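J.: Residue numbers (numbering that gives the first Met the number 0), protein chains in the order written: chain A, 0 to 217; chain B, 0 to 1126.
Think of the hints as simulated: they come from the structure by calculation, not from any bench. You may find that some hints are simply not true.
As the list claims (entries may be wrong) - Computed footprint of chain A on chain B, listed as stretches where at least three residues anywhere in the stretch have a Cβ under 8 Å from a Cβ of chain A:
hint: 1; segment: 125–135
hint: 2; segment: 1008–1020
Unchecked claim - Not the full set, but computed from the structure, chain A residues with beta-carbon under 10 Å of chain B:
hint: 3; residue: Ser-70
hint: 4; residue: Ser-74
hint: 5; residue: Phe-106
hint: 6; residue: His-128
hint: 7; residue: Leu-209
hint: 8; residue: Ser-213
Nothing here was measured: the structure is a model prediction, and the numbers come from that model. No residue lacks a Cβ here, since even glycine has one placed at the ideal position from N, Cα and C.
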Amino acid sequence: MAQLFHPSTNVLAKLSIVGVAAVVPLLGVAVYFFNMNYGAEVRVPKEQPVEFSHRHHVGDDGIDCRYCHTSVDKSNNAGMPSTYTCMTCHSQLWSDSPELEPVRESFRTGTPIQWDRVHDLPDFAYFNHSIHVKKGVGCVSCHGRVDEMPLIWKEKDLTMKWCLDCHRKPEDFVRPRERVFDIAWTPEEDQKKMGERLVKEYHVLNSFQLTNCSTCHH
Amino acid sequence: MQDQTKTGGQAGRGGASHPAVESAPTAFVSLDEIAPSPKLDLERIRQRLEGTRGREFWRSLEEVADTPEFRRYIEREFPHAAPRDMQPLSRRNFLQLMGATLALAGISGCAYQPPEKIVPYIEQPESVVPGKPNYYATAFDRGGYAIGILGETHVGRPTKLEGNPAHPASLGATDIFTQASLLMLYDPERSRSARYLGSDQTWEQFQAAILEPIRAARARRGAGVWLLMSPSTSPTLGAQLQRFRQRFPGARVLVHDAVSRENVYAGTRMAFGQELQPVYDFAQAQRILSLDADFLTNEVANVRYAHDFMRGRRVRDGQTEMNRLYMVEGTMSLTGANADHRLGVAPSQVEAVARAIAAALGVGGANPGVLPDGVAQEWITAVANDLREHGGRSLVLAGPEQSAAVHALAHAINGAVGAVGRTVTYVEPVELRFGDSNNSLRQLTDAISANQVDALIIVGANPAYTAPADVPFAEALKSLSSGAGKVTVHMGLYEDETAALCQWHLPQSHYLEAWSDARAFDGTASIVQPLIQPLYATHSVHELVATLLEDDILTGLEIVRDYWRRRSPGTNFDDLWYQALTRGIVPNTKAPARTVSAGALALPASEAQPPTAQAAEIAFRPDPTIWDGQWANSGWLQELPKHISTLTWDNAVMMSPEMAQQLGLTKEDMVDLRLGDRTLQAAVWTVPGHPKNSVTLTLGYGRERAGRLGNGFGFNAYRLRGTDALWNASGLQIVKTGRRYPLAGTQHHFTLAAERGLIKYGTLSQLLEDPKHPPFLHQEHHGAPEDAAQDTGNDPHVGTERPGPGPEHPDVPNTLYPQMWPSDRQNPQDAGPGTYTAQGYNSQPIPAWGMVIDLNACIGCHACTIACQAENNIATVGKDQVLMNREMHWIRIDQYHTGTVEDPERVFEPVPCMHCEKAPCEPVCPVEATSHSAEGINEMTYNRCIGTRYCSNNCPYKVRRFNFLQFSDQHTPSIQLMRNPDVTTRSRGVMEKCTYCIQRINLARIEAEKEERRIEDGDVITACAQVCPTEAIIFGNINDDYSNQGRGSRVRQLKAGPFNYGLLTELNTMPRTTYLAKLRNPNPVIEPAAAHGAGGHGAAGHDAGGHGTESQGAAGAHGAAGNEEGH
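Chain A on its own, in the form it takes in the complex (with noise of 0.2 Å):
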């Protein structure tokens, strides 16, 4: 019989050795990698049809979110504005710009915008925004300065860790009612003490009640 091996395979044997020392830590890299939401795109601000800025109708027009976002305090879904919306502004001001040139396609020829959805969650895990505004909690903490956002980004990773970071400790996050939808408001008070007070006051449910798997998964 034959010889199987040609003798430059205990090259590649020896080689092995070294080979195995040096992949360990570079699957160490790759978990790390893995681990701090590689592919989560935070921070990438993303194409849209129209180049809509945050920064410009939050920030320099001081638009409030629920002027386009009308259901967020009514449904688990915040609410797009149709066209409509944006035309009952922009029939007037900037009536002519080629940017804008999109909405008054989708006005005249009655086919929607489509926007490349941003906040995206895994369609197995459900999110009601109306319960959040009712307890509390901030659109800046999950969204992000939107008013400091030319065009939209994800602030937050949105995994499931983060998520229970709040529905664990929600004393950490919650914010008085009235400032849920002012973006740039900082707590005057020490948060700890305010939330501890705001999650009595609000009746927050507590953290074993908003960590069942069903709160978000059903």
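Once you have looked at the hints, place chain B on chain A.
T.: Frame of chain A, contents of chain B only:
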């Protein structure tokens, strides 16, 4: 269209997963391995049943016979596994599979979420809030008769249909057909475009093409124009057809219905000389005699009737009155199974029994003859006396399958006992009547052969399939379609057998897509308003008739509005219209009761001879799930176990086990049915309690152009059916062929491995002995009845039957383990360290969700099963998967028998997840995919599940369902529209089970918190509880002591009541779902109380089921584990 709401998770095809493609009966399925049909030794079974004391319950005769084959089947370690999965695996194959598994696991771990678009409205309708459903009142018509519904829509897509509490035929509940009508809307195989000789056309092309023949017909005053309709109650259509007949006086309008109600009208003609529609008031009826009327499932108001009937049987809150149902029937029906006394006779012999009862009540002209074999005169006398004693609170009704004479007898008895005007009233026929619909196809066929038909328009019906065998309608239609200068048009939801033979096919709009109106059984009219724009280029029957009339008003909405505007002059029409649409009924449209006067009863002589095994009788009945065949392409209905037989995907020749034994047949044997010169091959299914020398075959199967789900299953009963004997025929010969056909019955699926305590069952007289502690509830488990009595204090948790509370600490459960869930505790102070006192606006303690299922109210109609399927995006799996015990229903109906083989009583037990407080499934999950919520719900987290199936191994109730294959459809676009967006659809390899409709609980909790209030009783209704016509399922918060004016939630009250018990509580699972014992109300004259023995179930000495009796708990636990797949 707004698409930003989630359209249902990892998309799947809950409904029509079109599994039939793979699931045609295939060769690899070895019958003996899948479902054994051992030859039953009836003698041995009888002996075993007689050898038991007290009330025994058995699932099937196979179980009682306890043959080694059956044992092997039941104790098989992997009942869910395909035979091919059971082959020994070679080492090489094992390594290949494991390698592939590893590789796939690695790949699937690196998936990114696909990018999604958000598509807002151009102009958002004010009423639409994305994420919040809207409800619209409309009406579903079944065979023409309306049942009012509230349709749930999510951004314009109907996703669930619920009953309209304001509608008389619904009272908030619905039935299986209403639920399944949603799937029909989205059926990808619905007809989408008009066709002319096979090529696609538009509606406008049809309108243009029909113009010339219509004008020609008008010139000859309509001669030669024939219109064949399916039954309808629409007032608008009635007015349109009236105008049609004015404009075309020579034209003929006919109705065809394979499941017609002609006998009802013939019966009132015989009794009162005019056609009337009887309306029954079961709520008032104390004694009911049904002459083959399956009113719980088949009557035009079955939902309402079932509701009222069961209301009269609810013996709670100190009530001691309970109605009593006598059933005389020619088959084995669900109503018969719910009767206190059932008499099964050959269908032709029902009349003899009716005559005898009528004569005993002094009805003149009843002319009683010889009673059928096995019917005692004492029985007749007892029934007659009981009816007479209750006078105006008695009710007698006859089924549409029985002859006019039986109907006339029923009317005469009602008159004799004084029931007319009280429990039964008569109204003008609600249906549009166009002559004898049983004879319409014969007339039409004769006219075609006599060349009297120039234009034939068929709407809704499918006569090419449903025509009786002696009417060669299909051939006549074919020749007409190819005739020169002839026009044939078919309008329907599907391009079916009839469409294939017509020149034109027009797709009909589904009722959720089109404007119309319909009337309920008592005449109440509803506007049928669409919930969605037509998905395809479809039109309604009103638009078709308007086209034929060359009307100016051609849109459905305007036609319907126009009719009602004309009908209500002088009122503010817009107000009326708005009111009708929002309430779901048009005010003041209930038909007035007619006073009737019965002439002397002149019955035709009865010639019916009692059948023999050699010349048997055959009963043709509408199928419990696919009716006359029109639902054949509905995966939900095909897979829904049929009442009594539990068959799915097929019909079968149903006969009694004795008859089968006599003919040398077993289940799944193919036989030749010979009826005169007509023959049909069909498979046999034995049904204990079926009348002897008589078989039942349901209609609707053996279709050829139903669609992928309906084609090729079952046996076409229409091939045997003749015009002269539409319902019952005699002289049937049954010849064994020696071949076999696999039938997917679910009776043995998910068998609970305990033989005791699953059913608690007693009689009214037993209950009245001691209403606080009914003896039949306390015969077992705890030994002496006095111990058991202690259990029933006022602790609403009693149903969970915590094991043996010690005498010194009655409230402290006798267990070493700590009380895990805060909701266990009645007293928040007991909460202990790490305490979980509820916050939010709910009162303390945290809600404890629980369910009570009232076996006394459950009629076994399966509406809960299909409502759950619609609500929770549950997939269908196909016949070959059902044969492997893989159906996915989250709530199943177990059927138990007790009594004799010849005429067993049946008890139906719906079994959803028990949500055990000490759930055996939870500790065995290696990834904590199933866990317990603070509110006591046994949660299933799909995205964590890796599919080990350990949980389902360890579940003693067998309520967990595993996605062995990709059962959910992820691709068909129309099916995606149907999904409930609040429920994740599951993919392959994931376990699922009842969640107590957690999405509804979450929604109710969020709404309550937003409104800063507590969750009140009734805020959360599960889909199964909502659909139930008899309110047999009650769901709520066990810890709620504040609702209902401080009396607490209904579920809390019922759990504290005397009827409450749990299943397999000896395993210490503490189920949150508990049951209320079943009651019967037998006539003491017919069934003396002494003969009834102890109620309860399973006195000592029971081993008929073959399981140990000494150590019940251990046997149960072991058996349970051994029966599930793998451990």
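J.: Each hint should be assessed against the structure and marked as holding or not.
T.: Verification of the supplied hints:
Coverage of the segment 125–135 of chain B by chain A holds in this model, with 4 residues showing a Cβ closer than 8 Å to a Cβ of that chain against a need of three. Check result for the segment 1008–1020 of chain B against chain A: holds, 3 residues qualifying (beta carbon to beta carbon below 8 Å, three or more required). For A:Ser-70, the shortest C-beta to C-beta distance to chain B is roughly 5 Å, which falls under 10 Å, so the interface hint holds. Taken as an interface hint, A:Ser-74 checks out: its beta carbon lies about 4 Å from the nearest beta carbon of chain B, inside 10 Å.
For A:Phe-106, the suggested interface contact is upheld, since its CB lies about 7 Å from the closest CB of chain B, less than 10 Å. Residue-level restraint check for A:His-128 holds (minimum Cβ-Cβ distance to chain B is 8 Å; threshold 10 Å). Below 10 Å, beta-carbon pairs count as interface contacts, and A:Leu-209 has one with chain B at about 9 Å; its hint therefore holds. The criterion of a C-beta within 10 Å of any C-beta in chain B is met by A:Ser-213, whose closest approach is roughly 4 Å, and the hint holds.
Hint violations for this structure: none, all hints satisfied.
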